[in-house]
Structures are given as structure tokens and as C-alpha cells.
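**Q** This is what each chain is made of:
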Amino acid sequence: MEKSLNWSEFIITRLIKASGYSAILFVALIFFFLVREGVPTFGEVESTSLLNIRWYPIEDRFGILPLITGSIMVTFGAALIAVPFGIGTAIYISEIAPRWVREILKPLVELLGGLPSVVLGFLGILVLSPFLRVFLDLPTGLTAFTGSLLLGGIAVPTVVSVAEDALDAVPRAYREGAWALGATRWQTIWRVTLPAARSGVLTAIMLGVGRAIGETMAVMMVTGNAPILATQLGSLFSPVRTMTATIAAEMGEVASGSTHYHVLFFIGMVLFLISLGVNIAASSVVFRAKKRAERILS
Amino acid sequence: MKRSFSLNRHLVQRLGFTAITLMAVATVIPIVATVIYIFVQGLPAISLEFLAGFPREGMRAGGILPAIIGTLYLTIGTALFSVPLGIAAAIYLSEYAADTPLTRTIRIAIINLAGIPSVVYGLFGLGLFVLFLNFGTSILAASLTLSIMTLPVIISTAEESLRAVPQAFRTVSISLGATRWQTIRRIVLKEALPGILTGVILGLERAAGETAPILFTGAAFFLPQLPGSPFDATMALPYHLFVISTQVPEMPIQIQYGTALVLLVFVLTMNLIATVIRSRARAKRQW
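Protein chains in written order, with our numbering: chain A, 38 to 335; chain B, 1165 to 1451.
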């Protein structure tokens, strides 16, 4: 009896350990398969033509520059919206709102995080883009700007929840100290609480931007899908095509093993590396902040 | 002089608070408006035929049953893989792992899994499950892809709720002669269950609404019958909404809103269940 119990415990412990390591395995597997299908690109397309300004796969033109500028522009616009509104909402929830308002707001913002992006893209096509076309007097409502507006909304919940956690984690004594010195609540927020939470707020911004770069469906549906190199700010109001949307739109129609197929995986590899960079940077900010806090408190 | 300064800063505070409050309102109103708008526009489309019928006339009439069933299958399939694996990984991190470089690597890996764009998961699923393991475009391949995407959500929420169980519970259980695993299973897991469940449902909610990861791993444009095995492709609500709102010309607007509403209700119900479980557990908790 005793012995069989030990055996099953031994096996279960092993299984749990293996599951714990699985996350590393999956990241490695994802990278391996992206590299495996993406790296042949270098043998098939010259690197100078990869950096060309024309993306036209039917004529074997695989310049990914317009896709990169498309992604950058849409993401930049999204960040302009998501960062102020996300951090503002986080400050409101954590520092200003009465308790009952907080209890309503938090689940609502969480709800936005749970809305499928395809539903937002759908409303983007039917409601937002016709409105913008008339309101801004554009030839089409399917533009980078429309994508930025939607993406901003999609990135907001990420920014709010991470930034709010960071503000929440600031010890109450910091605020009380500031009040005792005669600071108003507003001064306390700006000069004490926000600076104390800055690494967490920075993380929130990075994760929000990461979320925006990687978003696919909503962007594909509302940005008009035109792989045109964006050279000026005015391109914000014309159609663009992002890296994610290109993969989603074209992968279904290519023969596996073709050059086009390999280039799409190569773009996936670039996206993977971007998100890896963003997330490692974000977690190292948190890690350093933790170290600093430990030093101060000890 | 002094007086005007103090008046000033209170004025600044009032202006600042108003601005921040307006920002919060501006963030929340579109969320509420979106949900209400889809309900209002979509409700007239809902009928028994719409929910329980097959699409007809190139999907321009009839129902969306295959898409509803498909999303159910995909959600259940995702749960089958990601729930046991995710909870086990959370147990490892909270109960077994010491703070070693390896553990930190696991944490970084989890953070990265959470950040990988959904369409890249789709590429990965295509490369590994569909082509390399030869599962084909199938429910199995799509579920496995969605599982790996869901994993970080489940692991991090489950770990958080396992860690919230007071250390004294474990100490007492061990001192009464229970083994480590018995302690985890009968004491720690039991106490952390509501939190874990919340995380699981929120993770699955995200999987149910995703389109990009299933685009090339399991989603079908149109199927005349329900999928018969895990190796069949399937229609799914989010992909169906994408198809009928961008790929099918002269699609009746009502069917589009109806489909959006069904998907929204599917997701909102899961969200609501998670919220209720969480707030109940919070109210009941005595430690």
C-alpha cells in the first residue's frame, strides 16, 4: 500500500515537472518551425529584393518594406490612442474612482479584452469606416487610421490592467507621506504615485504596443489591404497592409513549399522576434524594478 | 500670493480629475455601445432556423448551426489539452519550483508565449500539426494550436490562485502525515479551485473568439454537414463572421449581425460565468 502510493506520487511529480518545462519546449518548437519554413527564403529571394518597396507576389516581388511601414504606422497610431487613454483609465480606476465605480469599470475593461477582434473588425467595416469616410471626406474609409482607432481599443485593456496593477502596488505610505506634506491628491498622483510605478507603467505601454503589432483580424478587415509604401504622415489616411494581415490573407492561397510560402513564414519569424524582444524587454524592466525595490526596502 | 498658489493647485486638481474621469468615460462608453449595438442589430435575425439550421443559398440564407457546433468542438478540444497541462505547469511553478535560472527561463517562456501574435500561432500550427505531423486541416490541429496559445493565460492565473493559498494550510496538512501530492490535491487545489476555474474560462473565452490561429489549421469556408471526426475541418463562428463580412458579396446585413451576436453571446456568457465564480469565491473566502 505504502509502496504503491509512493510510486504514483513519483510518477505524478514527474508529470508535473514535465508540464512545468513544457512552456520552454513550446517557445522552442514555435521558433524552430518558423525558422525551418522561413529561412529557405534567403536561398530563393535576394536580400536586396526583400528590402524592396514592392510587394507583388504574383510577379515574384517580395519587398517587405511596405508591410513593415504599414505595421509601424498602424501600431504607432494605436499607441497614440491606447497609451493616454489606457493610463488615464488606470489612474482613474486605481486613484480616483469610488469603490463602486471601480467594481463596475474593471469587469467592463476586461470585457473589452475578451471581445473577439473579428467582431470589432466587423463593426469597423460596417460602422466606423463609413463614418470616417464621410466625416473626414476620404475616398475610402478603409485606412491605416481606421485600423489605428480599432487597434487602440484592442490594446487599451492590456495597458489598463498592467498599469493598474503597478499603481496598486505602490505602498499606501508613499501617498500618505505626500498628503501629510500638504500635497493635493493630484500632485501626489503625478509626483509620487506615477513615478513610483513607472517601471510597471512602462511595461504596460510595451505590452500594449506588442499586442497592437500582433493583432491580425481587425487590422486586416479595416485597413484596406494595399501594400503601398508609407512615406509621409498623410499615408495615415490611405489604405495600408500590415505584416500580420499579409500572412493571414495570403497563406491560405499559396502552395506549401513555394517561395511565397517561405516568405510568409519569414514574415512570421520577424513578428516572432519582435514580440520576443518586446516581452523580454518588458520583463527585464519589471525584474530590475523589483531588485531596486528590494534594495530600498532592505 | 500664497493664497492664489493654493487656490491654483486645487483648481489644477479639479481640472486634472475631470480630464482623467472623462478619459475613463471615453474608454468605457464605446465598449458598452458596441455590445448594445450588436444586440439591437442582431436580435431580429435570431430564430430557431438561424440557430439550428444549415446555411443555404451560398450562406445568404438559413442558419449557422455548423459554425456554432464547430466553435463548441474547438473550445472543448482546446480545453482537453490546455487545462490539464496548464494546471500541472502552474502546480509545478507554485509548489515545486525553486527560484533557479531554469525557473526564470520557464517564466520568460510563458511571458513570451502570451505575447506571440495569434497569426504566428497559426503559422506554427500549420508547420507542426497540419504538415509535419500530418493531421491535415482539422479540428485536432486547430485545437492543439489554440491550446498552446491559451496555455499562458491558464498557467499564470492558476499559479496566482495557488500561491494565494496560505502556507499554513500546507504545513498543517504535511504535519498530519499527508504526502506532498496529497496536500496539493486535497488542500491546495481545492482551495484554489475557483481562481483556477476563472482563469481557465477566460483563457477558453479567448480561444473561442480567435480567428487567425485557425485560419490555416482547421477552419472551413463552408461545410454541408457537421464534422464527423477530429480529423475533419470545421466551420467556426469567428471565421464564419470574417467570411460573410468580407468574402461573400451581397450578404444580407441581418445575417452578419446575427452571427456577430451569437459569437458575442458565446463569449459574454463565458465571461459572465468567470466573473460570477470569482466574486462568489471572494465573498466566501475566510483567509
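Derived by calculation from the structure, the hints in this document are not laboratory data. All C-beta atoms, glycine included, are put in the ideal place defined by N, C-alpha and C. You may find that some hints are simply not true.
Which residues of chain B face chain A? A partial, calculated answer using Cβ under 7 Å [stated by the list, open to error]:
1) Q1177
2) I1195
3) A1273
4) N1276
5) I1280
6) L1387
7) T1433
8) N1435
9) L1436
10) V1440
Heads up, simulated SDA-like pairs for lysine to any residue below, C-alpha to C-alpha not over 20 Å straight-line [stated by the list, open to error]:
11) A:K143 / B:L1353
12) A:K54 / B:I1272
13) A:K143 / B:T1267
14) A:K54 / B:T1347
15) A:K54 / B:T1433
16) A:K143 / B:T1347
17) A:K54 / B:W1345
18) B:K1354 / A:K143
19) A:K54 / B:T1198
20) A:K54 / B:A1190
21) A:K54 / B:T1267
22) A:K143 / B:I1272
23) A:K54 / B:I1200
24) A:K54 / B:A1447
25) A:K143 / B:L1361
26) A:K143 / B:W1345
27) A:K143 / B:A1447
28) A:K143 / B:D1263
29) A:K54 / B:D1263
30) A:K143 / B:L1387
31) A:K143 / B:T1343
32) A:K54 / B:E1324
33) A:K143 / B:M1187
34) A:K143 / B:A1273
35) A:K143 / B:T1269
36) A:K54 / B:V1199
37) A:K143 / B:R1446
**Q** Evaluate each hint against the coordinates.
**A** These are the hints, each one checked on the structure:
A cut of 7 Å between beta carbons decides the hint on B:Q1177: the least distance to chain A is about 4 Å, and the hint holds. With a least beta-carbon distance of about 5 Å to chain A, the hint placing B:I1195 at the interface is held under the 7 Å criterion. The beta carbon of B:A1273 comes within 4 Å of a beta carbon in chain A, closer than 7 Å, and the hint placing it at the interface holds. The beta carbon of B:N1276 comes within 5 Å of a beta carbon in chain A, closer than 7 Å, and the hint placing it at the interface holds.
At a threshold of 7 Å, the smallest CB-CB gap from B:I1280 to chain A is about 5 Å, leaving the interface hint in force. For B:L1387, the shortest C-beta to C-beta distance to chain A is roughly 16 Å, which exceeds 7 Å, and the interface hint is violated. A hinted interface residue such as B:T1433 counts as satisfied when its beta carbon comes closer than 7 Å to some beta carbon of chain A; here the least separation is about 11 Å, so the hint is violated. The criterion of a C-beta within 7 Å of any C-beta in chain A is met by B:N1435, whose closest approach is roughly 5 Å, and the hint holds.
Against a cut-off of 7 Å between C-beta atoms, the interface hint on B:L1436 is violated, since the closest Cβ of chain A lies about 9 Å away. Against a cut-off of 7 Å between C-beta atoms, the interface hint on B:V1440 is violated, since the closest Cβ of chain A lies about 11 Å away. Under the criterion of a C-alpha separation no larger than 20 Å, the hint pairing A:K143 with B:L1353 is inconsistent with the structure, at around 27 Å. Our distance criterion of 20 Å between C-alpha atoms is met by A:K54 and B:I1272, whose separation comes to about 17 Å.
The suggested pairing of A:K143 with B:T1267 is violated, with an alpha-carbon distance near 31 Å, which exceeds 20 Å. Between A:K54 and B:T1347 the CA atoms are separated by roughly 17 Å; this keeps the pair inside 20 Å, and the hint holds. Between A:K54 and B:T1433 the CA atoms are separated by roughly 34 Å; this puts the pair beyond 20 Å, and the hint is violated. Proposed proximity of A:K143 and B:T1347 is contradicted: the alpha carbons are some 34 Å apart, above 20 Å.
With a C-alpha separation of about 13 Å, the suggested pairing of A:K54 with B:W1345 holds against the 20 Å cut-off. Our distance criterion of 20 Å between C-alpha atoms is broken by B:K1354 and A:K143, whose separation comes to about 27 Å. Note on A:K54 and B:T1198: the hinted pairing is violated, with a Cα-Cα distance of about 44 Å set against a maximum of 20 Å. For the hint linking A:K54 to B:A1190, the alpha-carbon distance of about 46 Å lies beyond 20 Å, and the restraint is violated.
Using a Cα cut-off of 20 Å, the hinted pair A:K54 and B:T1267 holds, with the two alpha carbons roughly 11 Å apart. With a CA separation close to 27 Å, the supplied pair A:K143 and B:I1272 exceeds the 20 Å bound. Between the alpha carbons of A:K54 and B:I1200 the distance comes to roughly 46 Å, so the proposed pair goes past 20 Å and is violated. For the given pair, A:K54 sits about 33 Å from B:A1447 by alpha-carbon distance, which is inconsistent with the 20 Å threshold.
Proximity of A:K143 to B:L1361 is assessed by CA-CA distance (about 19 Å); at most 20 Å being required, the pair is judged to hold. Our distance criterion of 20 Å between C-alpha atoms is broken by A:K143 and B:W1345, whose separation comes to about 36 Å. Restraint check for A:K143 and B:A1447: satisfied, since their Cα atoms lie roughly 17 Å apart, inside the 20 Å limit. Restraint check for A:K143 and B:D1263: not satisfied, since their Cα atoms lie roughly 32 Å apart, outside the 20 Å limit.
Among the hinted pairs, A:K54 with B:D1263 is consistent with the structure: their alpha-carbon atoms are about 14 Å apart, no more than 20 Å. Taking the CA atoms of A:K143 and B:L1387, the gap is about 40 Å. The hint is violated against a cut of 20 Å. With a CA separation close to 40 Å, the supplied pair A:K143 and B:T1343 exceeds the 20 Å bound. Between A:K54 and B:E1324 the CA atoms are separated by roughly 18 Å; this keeps the pair inside 20 Å, and the hint holds.
Simply put, A:K143 and B:M1187 have alpha-carbon atoms about 15 Å apart, close enough for the 20 Å limit, and the pair holds. Of the supplied pair hints, the one linking A:K143 and B:A1273 is violated, its CA atoms being roughly 28 Å apart against a limit of 20 Å. For the given pair, A:K143 sits about 31 Å from B:T1269 by alpha-carbon distance, which is inconsistent with the 20 Å threshold. Straight-line distance between C-alpha atoms of A:K54 and B:V1199 comes to about 42 Å, which puts the hinted pair past the 20 Å bound.
Straight-line distance between C-alpha atoms of A:K143 and B:R1446 comes to about 15 Å, which keeps the hinted pair within the 20 Å bound.
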